[in-house]
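S.K.: These are the residues of each chain, in order.
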Amino acid sequence: MFLINCPYCGERDQSEFSAGGEAHIVRPKQPTELSDDEWAEFLFMRKNIKGIQFERWNHAHGCRKWFNVIRDTSNDKIHAVYKMGEEPPIK
Amino acid sequence: MSKNLRIINSKYIDQTSRISFKFDGKTLYGFKGDTLASALLANDIHLVGRSFKYHRPRGIMACGPEEPNAIVQVGSDASMTEPNTRATEIELYEGLEASSQNCWPSVNFDIGAVNNFFSPLIPAAFYYKTFMWPANFWKLYEYFIRKSAGLGKSPTEPDKDIYDHRYLHCDVLVVGGGISGIIAAKTAAKNNFNTLLIDDKNILGGTTLFQKNECFKINNSYSNEWLKKEIENLKSLKNLTIKTRTSLAAYHSYNYLLARENLTDHLDLNEKKDKIRQRLWKIRAKKVIIATGAMERPLIFNNNDRPGIMLSSSIKKYIDYYGVKCGQQISLFTNNDSAYETAISLSNSGVSVNSVIDIRDKSNSLIVKQAEKLGIKIHWKHTVVNTNGYKKINSIEIMKLSDDGTTVVGKKMKEGCDCLGISGGWTPRVHLFTQSGGKLKFRDNDNVFLPDKSELDQISIGSCNGDFELDEVTKNSVNLINKFLKVNNNDYENLEIISSKEIDKKNIWLLPSDKPLGKTKPFLDFQNDSTANDVKLALREGFKSIEHVKRYTTTGMATDQGKLSNMHALGIIAETAGVKMGELGTTTFRPPYTPLTFGAIVGRNVGEFFDITRKTPIHDWHAKHNAEFENVGQWKRAWYYPIGNENMHEAVQRESKAARDSAGILDASTLGKIDIQGSDASEFLNRVYTNAWSKLEIGKCRYGLMLNEDGMVYDDGVTTRISENHYLMTTTTGGAANVLGKLEDYLQTEWPELDVYLTSVTDHYATVSICGPNSKKILSKVIPDLNLSDKEFPHMSFKNALIDNIKCRVMRISFTGEHSYEINIQSSYGKSLWEKCFEAGKEFNITPYGTETMHLLRAEKGFIIAGQDTDGTMTPVDLQMDWIISKKKYDFIGKRSLYRSDTIRDDRKQLVGLLTDDPKEVLEEGAQIVLETKKQPIEMLGHVTSSYFSPNLNKSIALAVVKNGKKLKGQKMFVPMKNKTINVTITDTVFLDKENKRLNA
Chain A
1 MFLINCPYCG
11 ERDQSEFSAG
21 GEAHIVRPKQ
31 PTELSDDEWA
41 EFLFMRKNIK
51 GIQFERWNHA
61 HGCRKWFNVI
71 RDTSNDKIHA
81 VYKMGEEPPI
91 K
Chain F
1 MSKNLRIINS
11 KYIDQTSRIS
21 FKFDGKTLYG
31 FKGDTLASAL
41 LANDIHLVGR
51 SFKYHRPRGI
61 MACGPEEPNA
71 IVQVGSDASM
81 TEPNTRATEI
91 ELYEGLEASS
101 QNCWPSVNFD
111 IGAVNNFFSP
121 LIPAAFYYKT
131 FMWPANFWKL
141 YEYFIRKSAG
151 LGKSPTEPDK
161 DIYDHRYLHC
171 DVLVVGGGIS
181 GIIAAKTAAK
191 NNFNTLLIDD
201 KNILGGTTLF
211 QKNECFKINN
221 SYSNEWLKKE
231 IENLKSLKNL
241 TIKTRTSLAA
251 YHSYNYLLAR
261 ENLTDHLDLN
271 EKKDKIRQRL
281 WKIRAKKVII
291 ATGAMERPLI
301 FNNNDRPGIM
311 LSSSIKKYID
321 YYGVKCGQQI
331 SLFTNNDSAY
341 ETAISLSNSG
351 VSVNSVIDIR
361 DKSNSLIVKQ
371 AEKLGIKIHW
381 KHTVVNTNGY
391 KKINSIEIMK
401 LSDDGTTVVG
411 KKMKEGCDCL
421 GISGGWTPRV
431 HLFTQSGGKL
441 KFRDNDNVFL
451 PDKSELDQIS
461 IGSCNGDFEL
471 DEVTKNSVNL
481 INKFLKVNNN
491 DYENLEIISS
501 KEIDKKNIWL
511 LPSDKPLGKT
521 KPFLDFQNDS
531 TANDVKLALR
541 EGFKSIEHVK
551 RYTTTGMATD
561 QGKLSNMHAL
571 GIIAETAGVK
581 MGELGTTTFR
591 PPYTPLTFGA
601 IVGRNVGEFF
611 DITRKTPIHD
621 WHAKHNAEFE
631 NVGQWKRAWY
641 YPIGNENMHE
651 AVQRESKAAR
661 DSAGILDAST
671 LGKIDIQGSD
681 ASEFLNRVYT
691 NAWSKLEIGK
701 CRYGLMLNED
711 GMVYDDGVTT
721 RISENHYLMT
731 TTTGGAANVL
741 GKLEDYLQTE
751 WPELDVYLTS
761 VTDHYATVSI
771 CGPNSKKILS
781 KVIPDLNLSD
791 KEFPHMSFKN
801 ALIDNIKCRV
811 MRISFTGEHS
821 YEINIQSSYG
831 KSLWEKCFEA
841 GKEFNITPYG
851 TETMHLLRAE
861 KGFIIAGQDT
871 DGTMTPVDLQ
881 MDWIISKKKY
891 DFIGKRSLYR
901 SDTIRDDRKQ
911 LVGLLTDDPK
921 EVLEEGAQIV
931 LETKKQPIEM
941 LGHVTSSYFS
951 PNLNKSIALA
961 VVKNGKKLKG
971 QKMFVPMKNK
981 TINVTITDTV
991 FLDKENKRLN
1001 A
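Order-wise, the sequence lines are chains A and F. Quick note: the first sequence uses the working numbering, first residue 1, plus one each step. Quick note: the second sequence uses the working numbering, first residue 1, plus one each step.
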């Protein structure tokens, strides 16, 4: 059970949050112009990294805001937390 | 006749307070301060159980959580009995009842013991190998194997005890109240850290508490006396909280830990009542100091499992702490110095020590010299090759070890004894450290795994960190604590320590015997009954990984997770396979450290507190009118309202008929309601629904279908345009929270440029739905001012209204196909609105109906229920709802997926109606639909999703999804059931009023 530093509320217990999968997958602006393969790439393909992963989290039982988290999946260490639309502070 | 083996010298046993308890039905006596194990030993009872596989007699072996044999059932009450508890951890209380587990008919005469004679036939994985065929006999085998396998009896009735959960936050958590834990806790608290010290025993002090020996002194006092003063001084520290009887169960990442506090387990039976039994502490610590100590290893030799063979340090604790002699004639067998501490303690208490058998060539330490001075006989370079005695050890056989330690030489000596203390060195308790994700390193000179790297803010100190000598423990702990807490601790820096030093070390994982290995029984895992031979067999059969050997032989897989056996198993594997132990690695220790009760895990979340129950404002009315309720998510919804002796079917038939013939009333308050406002609200709806919303007039309602990005139907509902930039969306009851979450997700992450605000208002409004040909008349009585003409207030429109000056919203929408209104009013007025409508409808025989009738009525009209007729694999096209997909809109959620190669296939499963040839035959929901009944394998073409007997059509109707169903209208198909095959015909999905005349009736 880790602690997440919500960029709006501060540090809270993990049980207040829900995970939303890989971050920085932008919904295509013009889906109709994509081939089946290109659309499938957006729709289905997600990374499942052992190590540093960029993820979306939602403070579901708090402010209900979505934000991004950089987490090491091998030890759950969170390296950075940043708002939606912001550039990742670590590459 | 049992002997009294209590000597009267212990400060920790209250000899004035005698306690009676029962073991295996026999009444025995002990004292306040005893554990069940110490009380049994004082009564000369060693034999407490039978072994798992061979049913060999087994006795108490240890004095703490690592006990493998004394696993007992406590309590006889059907609701309170608890299996698999360790007698060494149960504090004695008046009225305690306990019994042995793995034996039948009794521990003294056990029929399963014949397995012992057949033991050459029961090697590792015997059960796997033997009971493999015939495969379908396994159920039978399993029953008998489980019955004889001694897993204890689970309670048959609900637990009456109260359990609790609490959170606790601290700066420093110290786990373990031994000497290093006390030093840590005091240093932390004195330096203004908010500190919590926990220990699983009833008293702080660890093993130092009863260490009274010339060889171990601090500042000129015996180490126990010095420590007692330190413990006394803890009381004056403001920042320190101490919890005893609290066992740390789990250590998770981010220093989140779970600890179980026993609050009443030690109390007399009559004092336990109405008190919280156990509390699970959820601890969030900024820093953690692990000071969990070490546990003694056994030695692995032939017949090392007889009752009376115990860990040497445990014998010491029983004599020094509990004042109990484990025997009258005690022999000790060791590979290190610590057995000499036991020998000296026994000798000082007047118990005769036969001899110490030491596998080492010599040892010149202080403690050994002291033992020699007391005249204790030592057999250097000898080993025990066999033990004798069935229900209790009566003698040991000793031989000299060869120089390389692999064989024995010379003449065999026999020595009589009634107790054998064994000591194979020490294993640091690194369980918690590894649970937290820490990595271990191996120290070669004494074969121990030690904490190495950790990502968390924590340290291990004392013997769990590999410091076994008193001077090392104090010196290294102080240094580590100072560095960890960034403080200067002067209290303990200049302690004068006298400590015996162990210099001579020798270890043999599997000790040789004069018999060949195959003829011996060197037990490794006492609880799961696996021997060193089993591990060797596994290696011969080709198992290499420690994880595989563990599972194949079940070594280390019992309830003690191999606390005593793992190191030897690893040692023997490494030796046999010719690899280094450090490279072999260890198996994983998983939480909990000792078993937890289910009660402690669930805490207060039982019965009505298991989950939240949501009730509508009108709930009490339904309950008063005899409603049966259905759980829909967390909601209690009125299911049907039986009158008199009606069963569900009869009630639903009556309600359904009344709703179409005159008037019905439904509590629709549970439907999800989302208030949508903002200048881009219309555009937002355009993007989330499949149909177009920009042109919806103010005051009008529209049905919308929401997809997932994969094109599959997600939710549906009616949305009303309240004003230019204000909509009220309804969702399914079960989907409300998820729909809101999904909309928020898109709004915040994909379309932050949209000016839209979402608010859940599900609980803010109660919704009363009136339907049927007389609904208009009833509403006109309730709101006389409202013009209900079709022209003024047509189907799919909305009006603001006042009822007794209370604002409400009236929507003319229909889920039944009847002329119908839904009135939304502030929740607190919900029940009075309902009663008002009911009163007004009385002259029209208005009938309250529940969810079952609602489902039947909508099925007559072919309306889907998202989640019942759809299952996450249905597109709107599959549902034959092509009309709801806007052709003009450039994009909406899921649009692109509607023409992926897979979603445009013709032969997808599609929603159809089904009529049975026999109109009385009602299909089962979920039943499979086939075209061919003879040729096997039969292809499953679809299944029934909704099925009812319609009283309005006087026949059975059903909705189903069928492969290529759209093109199969009129096709005869079959629904094969267990005893019959039902003939059906595929039809249109709308069974009643295809022209929608009733909407305006």
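Worth flagging that the hints you see were computed from the coordinates, not collected in a lab. Everything numeric in this text was worked out from a predicted model, so none of it was measured. Ideal Cβ placement from N, Cα and C applies to all residues, glycine included. Careful: at least some of the hints might be erroneous.
Stated by the list, open to error - In silico DSS-like pairs for lysine-lysine, Cα to Cα no more than 25 Å straight-line:
#1 F/Lys887 / F/Lys935
#2 F/Lys475 / F/Lys501
#3 F/Lys373 / A/Lys29
#4 A/Lys29 / F/Lys969
#5 F/Lys243 / F/Lys373
#6 F/Lys887 / A/Lys29
As the list claims (entries may be wrong) - Here are a few chain A residues that sit away from chain F, every Cβ distance over 12 Å (derived from the structure):
#7 Cys9
#8 Pro31
#9 Leu34
#10 Lys47
#11 Ile49
#12 Gln53
#13 Ala60
#14 Asn68
#15 Ile70
#16 Gly85
#17 Glu87
#18 Pro88
#19 Ile90
#20 Lys91
Said to hold, decoys possible - Label-pair distances were calculated between CB atoms; the ranges are:
#21 A/Ser74 / F/Lys580: 36 to 46 Å
#22 A/Ser18 / F/Glu924: 51 to 61 Å
#23 A/Ser18 / F/Arg18: 51 to 61 Å
#24 A/Leu34 / F/Arg166: 46 to 56 Å
S.K.: If a hint holds in the structure, say so; if it does not, say that too.
M.R.: Consistency of the hints with the structure:
1. Our distance criterion of 25 Å between C-alpha atoms is broken by F/Lys887 and F/Lys935, whose separation comes to about 43 Å.
2. Among the hinted pairs, F/Lys475 with F/Lys501 is consistent with the structure: their alpha-carbon atoms are about 14 Å apart, no more than 25 Å.
3. A C-alpha spacing of about 90 Å is found between F/Lys373 and A/Lys29, which places the hinted pair above 25 Å, so the restraint is violated.
4. For the proposed pair A/Lys29 and F/Lys969, the alpha carbon gap of about 40 Å is over 25 Å, so the pair is violated.
5. Using a Cα cut-off of 25 Å, the hinted pair F/Lys243 and F/Lys373 is violated, with the two alpha carbons roughly 42 Å apart.
6. For the proposed pair F/Lys887 and A/Lys29, the alpha carbon gap of about 18 Å is at most 25 Å, so the pair holds.
7. Here A/Cys9 stays apart from chain F, with its beta-carbon at least about 15 Å from theirs, past the 12 Å limit.
8. A beta-carbon of chain F is positioned within 12 Å of the beta-carbon of A/Pro31; the least distance is around 4 Å.
9. With a least beta-carbon separation of about 7 Å from chain F, A/Leu34 fails to lie farther than 12 Å from that chain, contradicting its non-interface assignment.
10. At the 12 Å boundary, the C-beta of A/Lys47 stays outside the reach of chain F, the nearest C-beta of that chain being 18 Å off.
11. Interface exclusion of A/Ile49 from chain F stands, the closest Cβ pair being 17 Å apart, more than 12 Å.
12. Every beta carbon of chain F lies more than 12 Å from that of A/Gln53, the smallest distance being close to 15 Å; the non-interface claim holds.
13. Non-interface call for A/Ala60 relative to chain F: violated, since the shortest CB-CB distance, roughly 7 Å, does not exceed 12 Å.
14. Not every Cβ of chain F is farther than 12 Å from the Cβ of A/Asn68; the closest lies at roughly 10 Å, contradicting the non-interface assignment.
15. Against chain F, the non-interface label of A/Ile70 holds: every CB pair exceeds 12 Å, the least being about 15 Å.
16. Not every CB of chain F lies more than 12 Å from the CB of A/Gly85, the least distance being 6 Å, so the non-interface label is violated.
17. The beta carbon of A/Glu87 sits about 15 Å from the closest Cβ of chain F, which is more than 12 Å, so the claim that it is off the interface holds.
18. With a least beta-carbon separation of about 15 Å from chain F, A/Pro88 lies farther than 12 Å from that chain, consistent with its non-interface assignment.
19. Separation of A/Ile90 from chain F is adequate, the least Cβ-Cβ distance of about 17 Å exceeding the 12 Å criterion.
20. Consistency note on A/Lys91: stated as away from chain F, and its beta-carbon is indeed over 12 Å from all of that chain's, at 21 Å minimum.
21. About 25 Å separates the C-beta atoms of A/Ser74 and F/Lys580, a value inconsistent with the hinted range of 36 to 46 Å.
22. One distance hint, 51 to 61 Å for the beta-carbon pair A/Ser18 and F/Glu924, is violated here, with the actual separation near 36 Å.
23. Checking the proposed 51 to 61 Å range against A/Ser18 and F/Arg18 shows it holds: the Cβ atoms sit about 57 Å from each other.
24. The given range of 46 to 56 Å is respected by A/Leu34 and F/Arg166, whose C-beta atoms sit roughly 53 Å from each other.
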